[in-house]
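Protein chains: 2
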Amino acid sequence: MRRGEVPHAGASVTARALRVLEAFTPERPVLRLAEISRHSGLPLTTTHRLVGELAAWGALEREPGGDYRIGLRLWEIASLAPRGLGLREAALPYLSDLGRITRENVQLAVREDLSVVYVERLAGRGAVPVLTRVGGRFALTPTGVGLVLLACAPADVQERALAQPLVRHTEKTLCSPEEVRRVLAEVRRTGVAVSDRQVTMDAVSIAAPIHGPEGTVVAAVSVVAHAATADPRALAPLVQVAARGISRSLGAPGLPSSVA
Amino acid sequence: MRRGEVPHAGASVTARALRVLEAFTPERPVLRLAEISRHSGLPLTTTHRLVGELAAWGALEREPGGDYRIGLRLWEIASLAPRGLGLREAALPYLSDLGRITRENVQLAVREDLSVVYVERLAGRGAVPVLTRVGGRFALTPTGVGLVLLACAPADVQERALAQPLVRHTEKTLCSPEEVRRVLAEVRRTGVAVSDRQVTMDAVSIAAPIHGPEGTVVAAVSVVAHAATADPRALAPLVQVAARGISRSLGAPGLPSSVA
Numbered sequence: 001m002r003r004g005e006v007p008h009a010g011a012s013v014t015a016r017a018l019r020v021l022e023a024f025t026p027e028r029p030v031l032r033l034a035e036i037s038r039h040s041g042l043p044l045t046t047t048h049r050l051v052g053e054l055a056a057w058g059a060l061e062r063e064p065g066g067d068y069r070i071g072l073r074l075w076e077i078a079s080l081a082p083r084g085l086g087l088r089e090a091a092l093p094y095l096s097d098l099g100r101i102t103r104e105n106v107q108l109a110v111r112e113d114l115s116v117v118y119v120e121r122l123a124g125r126g127a128v129p130v131l132t133r134v135g136g137r138f139a140l141t142p143t144g145v146g147l148v149l150l151a152c153a154p155a156d157v158q159e160r161a162l163a164q165p166l167v168r169h170t171e172k173t174l175c176s177p178e179e180v181r182r183v184l185a186e187v188r189r190t191g192v193a194v195s196d197r198q199v200t201m202d203a204v205s206i207a208a209p210i211h212g213p214e215g216t217v218v219a220a221v222s223v224v225a226h227a228a229t230a231d232p233r234a235l236a237p238l239v240q241v242a243a244r245g246i247s248r249s250l251g252a253p254g255l256p257s258s259v260a
Numbered sequence: 001m002r003r004g005e006v007p008h009a010g011a012s013v014t015a016r017a018l019r020v021l022e023a024f025t026p027e028r029p030v031l032r033l034a035e036i037s038r039h040s041g042l043p044l045t046t047t048h049r050l051v052g053e054l055a056a057w058g059a060l061e062r063e064p065g066g067d068y069r070i071g072l073r074l075w076e077i078a079s080l081a082p083r084g085l086g087l088r089e090a091a092l093p094y095l096s097d098l099g100r101i102t103r104e105n106v107q108l109a110v111r112e113d114l115s116v117v118y119v120e121r122l123a124g125r126g127a128v129p130v131l132t133r134v135g136g137r138f139a140l141t142p143t144g145v146g147l148v149l150l151a152c153a154p155a156d157v158q159e160r161a162l163a164q165p166l167v168r169h170t171e172k173t174l175c176s177p178e179e180v181r182r183v184l185a186e187v188r189r190t191g192v193a194v195s196d197r198q199v200t201m202d203a204v205s206i207a208a209p210i211h212g213p214e215g216t217v218v219a220a221v222s223v224v225a226h227a228a229t230a231d232p233r234a235l236a237p238l239v240q241v242a243a244r245g246i247s248r249s250l251g252a253p254g255l256p257s258s259v260a
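Protein chains in written order, with the UniProt record's numbering: chain A, 1 to 260; chain B, 1 to 260.
Hints are computed from structural coordinates only; laboratory data are not their basis.
Quick caveat: nothing in here was measured; it's all calculated off a predicted structure.
Mixed in with the good hints there might be a few duds.
Derived DEER-like restraints, expressed as beta-carbon distance ranges [claimed, not checked]: (1) B:Pro43 <-> A:Thr190: 51 to 59 Å; (2) B:Val157 <-> A:Pro165: 48 to 56 Å; (3) A:Ala15 <-> B:Gly65: 25 to 33 Å; (4) B:Glu27 <-> A:Pro213: 18 to 26 Å.
We put the CB at the ideal spot given by N, CA and C, even for glycine.
Start from the sequences, fold in the hints, and give me the full structure.
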């Protein structure tokens, strides 16, 4: 499909190698050579060469049967992403405490352009089923973490997010830009976002912002609970306390520090 | 330094893009353009172009001051590595239980050629300090997880591991191939590895193998405890139970399953 591209110079080759990696998704984490070729839109011979190079380095791993998967070597280097494992390591003790006290699902997420990316997720025992996975993406406006991240995003990001069609998941999903704008203003005022049955009719999420060393919002933490039984007003302060703990461990300014 | 290379064809370009990523290490997770050029051994102009392409895709992120870091987009794709986050997600509840019961450090690791790579690490409160980090590497023979992984590795891997010089960290480090061979045989016999003060004189690690769906050993789990107070014989069955729980959740054959 993209065979019409001019196959020259480094730009093209690097972009093609990255396109090979992009063929792998949560829905198809294991691919054969022909599938990589099809999903990346690259000719089979090009795919064969690039896959060979990526596998030699360890970005891909070849299984005995000929299937390919993303390799551990790529994961090792990717673990240096400060918004991935670095953030997650700082946050884990607080997320764990929040999970133990509430017994609900706990999520840690960052914004990547107009999506939420989940950096950590701890499943509560007996908690409501949630659809997210670590490394997975979701839209901003239907989730608690997304509302927090969007409320604190630059104005141009907010405008682009609201200019998109907003997908309806349930009868409670916020689908008009005016509604979302009103909710974002409320999030900024209160410092907490409540996303009520926007994704599924059995779940509510309560989220709060995490600040980085420059004082800006770098991530959000949420609890996702059964809509029928959860009390968002009771959960909100717990989520806020966890968010402040994580912010403090990241070196956010303006938080009271402990006296040793 | 590598400017003499012939700068042509795809192989070279992909390899160079990967060399740019390899310039980032746990010791230097943030780099300026000139530093990337120096550490990757690529000319500044080539580095500039490759960094631009990698940043456009999201494999690198540029900070306002001009520093570069590994990007979240790479982490997203790398999270598909089955031996990275996939393994870790299956293991986390068992690691968490093991950490809560023992109050010690808990580690999950896989073998990558002749190294251990740590996939997860939970720090116990008040536990002995450990040097490892998630995504980090260490030698096989001085660690409990490494002894387990080496004991279960193909014979040629064992021979290569023992043909290397074994680095001494403490007076207790196993440095002769004969000693290591004897210990590996013991690990295979008992199903548990104890690494006693091999890395630091205050820590002992107790490790057990994790089996995958094909029945082969795919990972190892360990507890790292204070050498002065820990009782390896008491900790071993706890580590083994956690390893079997993780193996079962990965679909390992031959383990008794629960009756629903």
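Structure-based check of each hint:
Between Pro43 (chain B) and Thr190 (chain A) the beta carbons are some 53 Å apart, a value that agrees with the proposed interval 51 to 59 Å. Take Val157 (chain B) and Pro165 (chain A): their Cβ atoms lie about 53 Å apart, and the range 48 to 56 Å holds. Ala15 (chain A) and Gly65 (chain B) have their C-beta atoms about 27 Å apart, which keeps the hinted 25 to 33 Å range intact. In this structure, Glu27 (chain B) and Pro213 (chain A) meet the distance hint of 18 to 26 Å, their C-beta atoms being roughly 20 Å apart.
Of the numbered hints stated above, none is contradicted by the structure.
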